[in-house]
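Asks: As a plain string of letters, each chain reads:
2 protein chains.
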Amino acid sequence: MENFADRLIEAVERKGTPACVGLDPQFRLIPGEIRKRAVDSAATGAQAACVAAFCQEVIEIVAPLVGVVKPQAAFFEQLGTSGMLAYADAVRRARQHGLIVIGDVKRGDISSTAEAYAAGHLREAHGDGHFTVDAVTVNPYLGSDGVRPFIEAANETGRGVFVLVKTSNKSSADFQDLKLADGDELFVKVAAKVNEWGGAVTGKRGYSSVGAVVGATHPQQAVRLRALMPGVPFLVPGYGAQGAGAADVMPCFREDGLGAVVNSSRGVIYAWTRSPYKEQFGEERWRDAIEAAARDMISDLHQALQQARKLQAGPPRT
Amino acid sequence: MENFADRLIEAVERKGTPACVGLDPQFRLIPGEIRKRAVDSAATGAQAACVAAFCQEVIEIVAPLVGVVKPQAAFFEQLGTSGMLAYADAVRRARQHGLIVIGDVKRGDISSTAEAYAAGHLREAHGDGHFTVDAVTVNPYLGSDGVRPFIEAANETGRGVFVLVKTSNKSSADFQDLKLADGDELFVKVAAKVNEWGGAVTGKRGYSSVGAVVGATHPQQAVRLRALMPGVPFLVPGYGAQGAGAADVMPCFREDGLGAVVNSSRGVIYAWTRSPYKEQFGEERWRDAIEAAARDMISDLHQALQQARKLQAGPPRT
Chain W
2 MENFADRLIE AVERKGTPAC VGLDPQFRLI PGEIRKRAVD SAATGAQAAC
52 VAAFCQEVIE IVAPLVGVVK PQAAFFEQLG TSGMLAYADA VRRARQHGLI
102 VIGDVKRGDI SSTAEAYAAG HLREAHGDGH FTVDAVTVNP YLGSDGVRPF
152 IEAANETGRG VFVLVKTSNK SSADFQDLKL ADGDELFVKV AAKVNEWGGA
202 VTGKRGYSSV GAVVGATHPQ QAVRLRALMP GVPFLVPGYG AQGAGAADVM
252 PCFREDGLGA VVNSSRGVIY AWTRSPYKEQ FGEERWRDAI EAAARDMISD
302 LHQALQQARK LQAGPPRT
Chain H
2 MENFADRLIE AVERKGTPAC VGLDPQFRLI PGEIRKRAVD SAATGAQAAC
52 VAAFCQEVIE IVAPLVGVVK PQAAFFEQLG TSGMLAYADA VRRARQHGLI
102 VIGDVKRGDI SSTAEAYAAG HLREAHGDGH FTVDAVTVNP YLGSDGVRPF
152 IEAANETGRG VFVLVKTSNK SSADFQDLKL ADGDELFVKV AAKVNEWGGA
202 VTGKRGYSSV GAVVGATHPQ QAVRLRALMP GVPFLVPGYG AQGAGAADVM
252 PCFREDGLGA VVNSSRGVIY AWTRSPYKEQ FGEERWRDAI EAAARDMISD
302 LHQALQQARK LQAGPPRT
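Order-wise, the sequence lines are chains W and H.
Here the first sequence is numbered in my numbering, starting from 2 and rising by one per residue.
Here the second sequence is numbered in my numbering, starting from 2 and rising by one per residue.
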């Protein structure tokens, strides 16, 4: 069975970019032409159908450009069971396009309960409406026995896990940055565990199937985390709408230009609501705005990798 | 609007017990007479239908005895969308019985994403298949801006939040027990934040709508946590199958005999697979075994509260 890290690298190299598009579908932000299909917008079933239709369009626009997408479970789950059916639909469509799908579920529990989550998201399932993805995000607060069932399921199925280490939000400092008695911060201890958990299974390209979530908004911490977890792939949220630029995420990459996947959600999928795409395209040309924002992100990351001398010179492929 | 803590206390007093039954439905553990209804056990839809049927029976058995149930989302979610429909069904039935429903979802994310989870689990929804419960469990690793959207939704809807502070599993020590530079452990810092978050909204009975998850397996830490969070209701997992007894959970209660809800899942709902209920009832009388196990738990907690002089003398009501 192929190793997840190898599959992830293959997807990144095939598309020539470490960009990942986040699917964060909020009904009220979906383009009017799709939203108006919901006859009664108070019905979650109708909203969920719009969410599914929007995700299908976004996937078709970005699938030729990027190798990885990250559906955010919360935005589907808020619509109840019909929303989760839209989640399963988005996952299925993305996988049909050959995309690596990272389910941003941030689950975490203990023993048999963690096994149940791991089974639901990482083990093979059949029929409609299942949640099996290529990798999931996992919360480490419960400790090793909360994370291990996910890692075991991932290793047995050729899938992956990204453990939250240092998240992109401001109050990630509340607990993650607390100084411990030995001088390290909590997130450093979590990083050490992630490095240990990942050590057991390493792919041909030298990366583990156990990854880390490291926010783009913390470049200085990223330098330390890259050194602490040399073989760990990073999933980097916070680029774009959350304020981080391409230069900020460079510390997450290794010298080979690999080792990180950089996610943008709102900055791409709602590009027509933001400058400069709002002025250039407007809502009518929302599809073109999404494509332009994805291409710009790809180009920005490519240039930054070149400037950081982490890539051979040359134009981006798209 | 009634305060969640007041509603929780009312439910505990009405039934005369702080016992909570956890709904952790695993298909392979469900009684054969229900399990055999799944014609093709590989189909998650058929398994989910059995899970729903089992939960319905358990709810009907325990509803006259306890005031609170705690469905564990993972065991439903592992069956995909049809499993989540079974979750919504269990929640709906439990609420119809007047039970307080704590959705053990352990969600946690940031800003608009946390708002989406909070909306899905704590705000009013209509139609079939929604996940609205009376309270949810939340993971604190992402910090204040990950937890606040849940608290805001809870305060606006008369619902509640239980933040993971010290979980019942062994490797909760990995991160939660780490010593900080100022001498406290991480879980103490989390407790201080929970106490702060909960301070804003206090009910008539002096308890907050922001609760804490404190494992029954850590009585010494519970003593400290009770003192650190005087007005915070505790949700206490780990009783029964995880090894803690009634004496272990006493530090979670205040002198008024209130302040904690004690959960048992496997020890009650699969009682017929464990001594002494296995010998006494066997699988054929699994309903009687569940009822007996629930009554024994209620009685054990009552006696322990009396011995700890946290209750007026008198027999348990059931």
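Do not rely on the hints blindly, as some may be mistaken.
Because identical chains share one entry, a pair is satisfied inside a single copy or across any pair of copies.
Listed next, the in silico EDC-like pairs over lysine to aspartate or glutamate satisfying Cα-Cα at most 16 Å (straight line) [to be verified]: (1) Lys37 with Glu14; (2) Lys171 with Asp146; (3) Lys194 with Asp175; (4) Lys37 with Glu284; (5) Lys180 with Glu153; (6) Lys194 with Asp146; (7) Lys205 with Glu3; (8) Lys194 with Glu285; (9) Lys194 with Glu3; (10) Lys205 with Asp146; (11) Lys190 with Asp178; (12) Lys171 with Glu61; (13) Lys279 with Asp129; (14) Lys190 with Glu34; (15) Lys171 with Glu256; (16) Lys205 with Asp178.
In case anyone wonders, no lab produced these hints; they're calculated from the structure.
Asks: Hints first: check each against the structure and report whether it holds.
Replies: Evaluated hints:
1. Lys37 with Glu14: neither (39 Å within a copy, 49 Å between copies)
2. Lys171 with Asp146: For Lys171 and Asp146, only the inter-copy Cα distance (8 Å) is at most 16 Å; the intra-copy one is 28 Å.
3. Lys194 with Asp175: For Lys194 and Asp175, only the inter-copy Cα distance (9 Å) is at most 16 Å; the intra-copy one is 20 Å.
4. Lys37 with Glu284: Classified as within: same-chain Cα gap 14 Å, cross-chain 53 Å, threshold 16 Å.
5. Lys180 with Glu153: neither (31 Å within a copy, 29 Å between copies)
6. Lys194 with Asp146: Classified as within; 12 Å inside a copy, 25 Å across copies.
7. Lys205 with Glu3: For Lys205 and Glu3, only the intra-copy Cα distance (9 Å) is at most 16 Å; the inter-copy one is 59 Å.
8. Lys194 with Glu285: Classified as neither; 48 Å inside a copy, 46 Å across copies.
9. Lys194 with Glu3: neither (24 Å within a copy, 44 Å between copies)
10. Lys205 with Asp146: neither (27 Å within a copy, 39 Å between copies)
11. Lys190 with Asp178: both (10 Å within a copy, 12 Å between copies)
12. Lys171 with Glu61: Cα proximity of Lys171 and Glu61: none, with 33 Å in one copy and 45 Å across.
13. Lys279 with Asp129: neither (37 Å within a copy, 38 Å between copies)
14. Lys190 with Glu34: neither (48 Å within a copy, 48 Å between copies)
15. Lys171 with Glu256: neither (28 Å within a copy, 39 Å between copies)
16. Lys205 with Asp178: neither (34 Å within a copy, 37 Å between copies)
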